[in-house]
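Kindly generate the complete structure, drawing on both the sequences and the hints.
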Amino acid sequence: GYGAFIDFASAYLTTKLLKPDDSELSPATEDKQDDAIAQLDIKISALRDAIIGVVGPKTLVDVVNAFEELAQKTEIQATSFNQQTAVDVGITTTLILGENANRKGFYIRNNGDNIIYLGNSTVATGNGLPFFPGNIFSEEDLPVIAAIYGIVVAATEEVRIVEET
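Numbering (this note's numbering), first residue to last: 1 to 165.
Read the hints as simulated data drawn from the structure, not as lab findings. The hints are all genuine.
Quick list of the computed label-pair ranges, beta carbon to beta carbon:
{"hint": "1", "residue 1": "102", "residue 2": "154", "range": "30 to 40 Å"}
{"hint": "2", "residue 1": "61", "residue 2": "98", "range": "34 to 44 Å"}
{"hint": "3", "residue 1": "111", "residue 2": "146", "range": "16 to 26 Å"}
{"hint": "4", "residue 1": "95", "residue 2": "126", "range": "12 to 22 Å"}
{"hint": "5", "residue 1": "86", "residue 2": "140", "range": "14 to 24 Å"}
{"hint": "6", "residue 1": "61", "residue 2": "135", "range": "33 to 43 Å"}
{"hint": "7", "residue 1": "61", "residue 2": "82", "range": "38 to 48 Å"}
{"hint": "8", "residue 1": "84", "residue 2": "61", "range": "36 to 46 Å"}
{"hint": "9", "residue 1": "81", "residue 2": "113", "range": "23 to 33 Å"}
Quick caveat: nothing in here was measured; it's all calculated off a predicted structure. Ideal Cβ positions, reconstructed from N, Cα and C, are used throughout, including at glycine.
In structure tokens, the structure reads:
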């Protein structure tokens, strides 16, 4: 039979057909090519099943996507869990959490009775992300290191913050 070497590069799959002695397959006849392609398909199927953990019909695109997702699923380790003081968010743009390049994640709880609108330094009640009373806004998988601001329609509402660094 023929061996198969698979080189995954970015989103593209490059294949090279090899003989058992690792020399490149010479496309001398269609029969040999068909046999080599069948062998490669078997090896790709086995590789796919090993990666995805599923025995069933999947495409080669699924295998490539599984490899790409591995880099995205690396765990981000926090070294400290900092309790922040409460912040009162008012009717003007209020800094809730300052920019932090070392941030690994955060939790912000709307401790008030009204909606707080979240965004950047230009956040307004008409363009901010609604953050409902009692809810927790968190980010751990792809942490936002930028500053987070808030604003309310009326009165003042309190948020509680925990930041992981």
